Amino acid sequence: MAGTNAIEIRAVTKRYGEHINVLDGISLSVAEGEFLAIVGPSGSGKTTLLRLINRLTEPTSGTVLVGGNEVHGGDPIRLRREIGYVFQGIGLFPHMTVAENIAITPRLIGWSAEERAARVDELLQLVRLDAGKYRARFPAELSGGERQRVGVARALAAKPKIVLMDEPFGALDALTRDALTRDYRELHDELGLTTVMITHDLTEAALLADRIAVIHRGRIVEEGTPRDLLASPKDAYVRELVETPKQQAERLAALLRGEP
Amino acid sequence: MNFDPRVQEAFARLPDYLGSHVLVSVTALLLGLAISLPLAVFATHCRYLRNVALGFASIVQTIPGLALLALFYPLLLAISALTEKLFGVGFSALGFLPSVLALALYSMLPVLRNTITGILGIDPAIKEATLGVGMTKRQALTMVELPLALPIIMAGIRTAAVWVIGTATLATPVGQTSLGNYIFTGLQTQNWIFVIFGCVASAVLALAVDQLLALMESGVSARKRGRILLGGAGIAAIVIAALMPVFARPAAAYVIGAKTFTEQYILGSLIEQRLRAVGLSARHRDGLGSTVIFDALKSGEIDVYVEYSGTLWANQMQRSDTKSRAEVLADVKAWLAEKYSIRLLGELGFENAYALAMSRKRAEELGIKSIADLARYAPRLSIAGDYEFFARPVWQSLVQAYGLSFRERRNIQPEFMYPAAADGEVDVISAFTSEGKIKQFDLVVLDDPKQAIPPYDAIVLLSPQRANDEKLIAALKPLLGAIPPALMREANARADGQGGDSSPDKIAGWLWEEIEKTKK
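Read top to bottom, the protein sequences are chains A and B. Read in order, the letters of the first sequence correspond to residues 5 to 264 in this note's numbering. Read in order, the letters of the second sequence correspond to residues -17 to 502 in this note's numbering.
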């Protein structure tokens, strides 16, 4: 149904103890098929915000809706099986092969062995890994980039409509990271996913996302398309945030033009 | 090749001892695992439970193994009495049950600690991933946490297995046959070959199990199924091979008890040989303490053993007066029959009374002939007794009758007391009148003019169920009145020799030949 929000966060507050407000009255919605990047510094509450969506964290007040339904009323296990989750630590199970890691959620929801095997091959191809070569390997035998590709494949295995990503490529070198982010964006479009990605890197967010929300001290301080945000930031923190990549881009452009 | 007959005898006993040892160890380990593993898993979720469980297991570990085993005997005895009262069903507080319970407790700490450490030590990213992919808590535990912690858990099981197998040797004094029977019997009869054999056998068993578990552990961490199967098959093979004789053995119809000293081992063997000679199946249960053995007879766990009239008179009947031999015997007989339906079949013919003894040289120096003489010098002298002596009523009776008060009081293993007195390491010892070492070490037994020590006639007791067992009585009859004091002393002296003929079985054989000679 067109116009439905895949995810809706309404006036959510998360408090630890009496005084520590991690999230302070946040409202945010993500349209179906949209790629939203949440940008913020360490400790801004961005990870907590993401974890509210698949109920790894519960809000102190406010509501979260996924696919139009309040998540609080449902079964968290079922919810998590319907949402892909990729995070920086990856968390591949070291005692399982690549194929077993990828097929874990399908296995939990009862797919047959044949269905799982076919899905593993399909996904390995999707994340550009040779199925014959990688299927039977253990995580310890993979490079960092390969591991995260498997992490993405595992998140997509049970055909989720929504994928949550928490600084998924933060620990990778620049080239691998660039390749992976671009590959993922292609997957997002091809599979019609709704993606919420967290990053502290505005450049990455700007090059990848349809829309950016900047979070600072537990509040969304500004949201908009990458273009709007870069061109005319309204909030003081956001202005500061866009300054560095803009200057870097201008200096690079100048260098390319042959200026000193 | 010609082995020392004691080595041959040791090997002959191996199937029985090893089988019982393995049975009690395996049962204890399985029971321990069945408690520790779930407890450890719960404890990973609850800090309070974790502290309590680990604290409890650590305290258990600080209790010496022998004491832990010994503690279970009175505990189970009390519980058994309670269930008997409430439900009319009691159970045996001796042997297998207390051993299994104590050893299971002993196995808990390494398993608890390693399982908890293994599960809590899992990379937080992996735990996050178990949630992210939609696992329930149970799925996360069985599919990820336990498999990842398994190498560490296995290491804990290994430690527990080695501890249990080693500590099971201490189950002998609570009546559980184990490889410890070699060690305890050997220590009592100065059969060092038995002691070494027992140590080596339990060490080999522990090492073999440890190495096979290590193989499984390495298989688990390297994900090599072959190694896990090989290790498991090896352990299964050991267990099956060891248990086969235990289960194949026809249940012996008669069980003969023996206390913890040489004379008892010899007489136990003698009775066993006599029963077998008339075609009855019999086995013996050695190394039982004085109270334990009487309780065992009362409850029918053993069928027959040799007791001493004065022990029952003082310990069980709580009598502090002293009567003549015949009067004590008659009273004891009537009391046993009336109170417990235990039958006093008859006396063997010798007395093994408590006595105080000194080296001849020292006694002559001081001019001591009787305990009355001794009392004057006692404050300057030291005395040594076996582990039971100073707790026995006979000691109270001596102290009261003569006003004894010594400078120093020590407990020494009976076998080492006699040489200690001969060397002057102690001045006075508690001796047994039938002991061959009195002569061997040139000691003198002090007179008891006030008759503070009751008579200690060796008597054969039958359990209530066997009180009228004609076959058993017929087999034992030839022994009654057949062992005069000199013969028993000679037999005991032979046991102290270091030759191959000094095993209880051999001496029992010799003793029977002597008995037959005198009858002809």
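Any given hint could turn out to be false.
Said to hold, decoys possible - Calculated from the model, a selection of chain B residues having no Cβ within reach of chain A, i.e. all distances over 10 Å:
id, residue
1, Val42
2, Ala107
3, Thr112
4, Val126
5, Arg205
6, Leu211
7, Gly349
8, Ala373
9, Ile394
10, Leu428
Claimed, not checked - The list that follows gives simulated cross-link-like pairs (lysine-lysine, BS3-like), each with its CA atoms no further than 27 Å apart:
id, chain 1, residue 1, chain 2, residue 2
11, B, Lys453, A, Lys163
12, A, Lys163, B, Lys459
13, B, Lys206, A, Lys165
14, B, Lys453, A, Lys137
15, B, Lys119, B, Lys280
16, A, Lys165, B, Lys453
As the list claims (entries may be wrong) - Interface residues of chain A toward chain B, partial, derived using beta-carbon atoms under 8 Å:
id, residue
17, Leu60
18, Arg151
19, Arg231
20, Ala235
If you are wondering where the hints come from, they were derived from the structure by calculation, not from laboratory data. Everything numeric in this text was worked out from a predicted model, so none of it was measured. In this text, a Cβ means the ideal position worked out from N, Cα and C, and glycines have one as well.
Taking the hints in turn, this is what the structure says about them:
no.	hint	verdict
1	Val42	holds, 33 Å
2	Ala107	violated, 3 Å
3	Thr112	violated, 8 Å
4	Val126	violated, 6 Å
5	Arg205	violated, 7 Å
6	Leu211	holds, 18 Å
7	Gly349	holds, 83 Å
8	Ala373	holds, 58 Å
9	Ile394	holds, 57 Å
10	Leu428	holds, 75 Å
11	Lys453/B with Lys163/A	violated, 82 Å
12	Lys163/A with Lys459/B	violated, 89 Å
13	Lys206/B with Lys165/A	violated, 39 Å
14	Lys453/B with Lys137/A	violated, 79 Å
15	Lys119/B with Lys280/B	violated, 53 Å
16	Lys165/A with Lys453/B	violated, 87 Å
17	Leu60	holds, 6 Å
18	Arg151	violated, 11 Å
19	Arg231	violated, 33 Å
20	Ala235	violated, 36 Å
In summary, the numbered hints that this structure violates are 2, 3, 4, 5, 11, 12, 13, 14, 15, 16, 18, 19 and 20.
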